[in-house]
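Work out the full structure, taking the sequences as your base and the hints as a guide.
Mapping to this note's numbering: the sequence shown position 100 is 218, numbers consecutive.
Hint data in this document are derived by calculation from the structure and do not stem from the laboratory.
Fair warning: this is a prediction, and the values are worked out from it, not measured in the lab.
Some hints could be false.
When the alpha-carbon atoms are kept at most 25 Å apart in a straight line, the in silico DMTMM-like pairs for lysine to aspartate or glutamate are as follows [what the hints assert, rightly or not]:
1) K196 - D152
2) K293 - D152
3) K196 - E249
Simulated restraints on C-beta separations [to be verified]:
4) G436 - A398: 17 to 23 Å
5) R329 - A382: 34 to 40 Å
6) A484 - L297: 26 to 32 Å
7) R435 - A398: 17 to 23 Å
8) I309 - R435: 41 to 47 Å
9) Y336 - S440: 39 to 45 Å
A virtual CB, placed ideally from N, CA and C, is assigned to each residue, including glycine.
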Amino acid sequence: MQRIVILGGGVGGTIVANQVARQMGTELRTGALDITVISESAQHVYQPMFLYIAFDQVVPAEAQKPERDILDRHVHLKVGNAERIDREAQAVIMQDGEKISYDYLVIATGSRPAPETIPGLTEGGHIFYTEEGALKLREALHNFQGGRIVVTVGVPHKCPVAPLEFTFMVQEWMKARGLGDKTELVYTYPIGRIHSLEPVANWATPVFAERGIESHIYFNPENVDPAKRTITSLEGETLNYDLLVAIPPHRGQDIIGRSELGDAGNWIPTDRYSLRMEGADNIFVLGDATNLPISKAGSTAHFEADVVAANLVNLLRGGLGSVRYDGKVFCFIETGLKNATYIQFDYAHPPKPQEPTEMIHMFKLAYNRMYWLTPAGVL
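Rendered as structure tokens:
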């Protein structure tokens, strides 16, 4: 019997499980193949909805469904915390001591926001990258009566366009509440432009100017003083705020560090085309968990999962598993409350933001509702 273990029940891991199961149903039914997904939670969470929770457009229940309901019925689901990966034994060791052996391992553990890396940020700022953070920000926005909002960005982080989306959305949200003239909006970014992708920065910069959004580049957030309501950068600049919204630096999951598989940030060295972990032919890595210098986004995990699933099926049938990932990424960008644009790019083709329209915004809202078809392998 061949055993596939998928560590992580997010979009990438779930797509891999379902696509392999769909193509190898006979092997699963006869016991020639076993697929196990290990997930910390029994719930599958669509994280991009957190942004909409902050603006009270959706509630948390709309952003999650039971993982068991999404997985193919022939795929085993193990809900629990994995302690480490034992490469020598080819097994995932759970916190309760259970050993789950594999022939092929797919690491799809994602990433986590690390606000603790910036002293004072947890006490003095808000984030929308977790359900708890989005709910607290929702309350803060509801109670805000005007003043200075600072949106500060640390790197790396997932959902690369989310800082821009929040900035555009919060400006229109304040105007809709009659607070536009009472609100000053400031945006900081750690490099010499307002987004890591140059074409996106070139598109967004004149939009900022047109809308009166103040930007500070070369601003790497170093510490926050909650009492004084100030944030100071590594470069020595200090900004005052009435409401601080942060996109904190992200890290790979702690299990990667405990297993000694990653770098200092717990990102796993990964081949950009094969998506195999460097030095390990039977371990695939996808989504946020890789160290690849591409966008950490749900669509990245989706397109990578297609490649990983195809290669696993090919390998199990005696092939070489030679399908290559081309770096494809797709991101919607909300440009306010009623309009949006999008970008699509890969290793060979840079992004070209389109003219924002209400139609694209409606497509984005529709996809938020249809998302569940993606991990199910239908969309």
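Item to complete: Output the numbers, in ascending order, of every earlier hint that fails for this structure.
Response: Failing hint: just 2.
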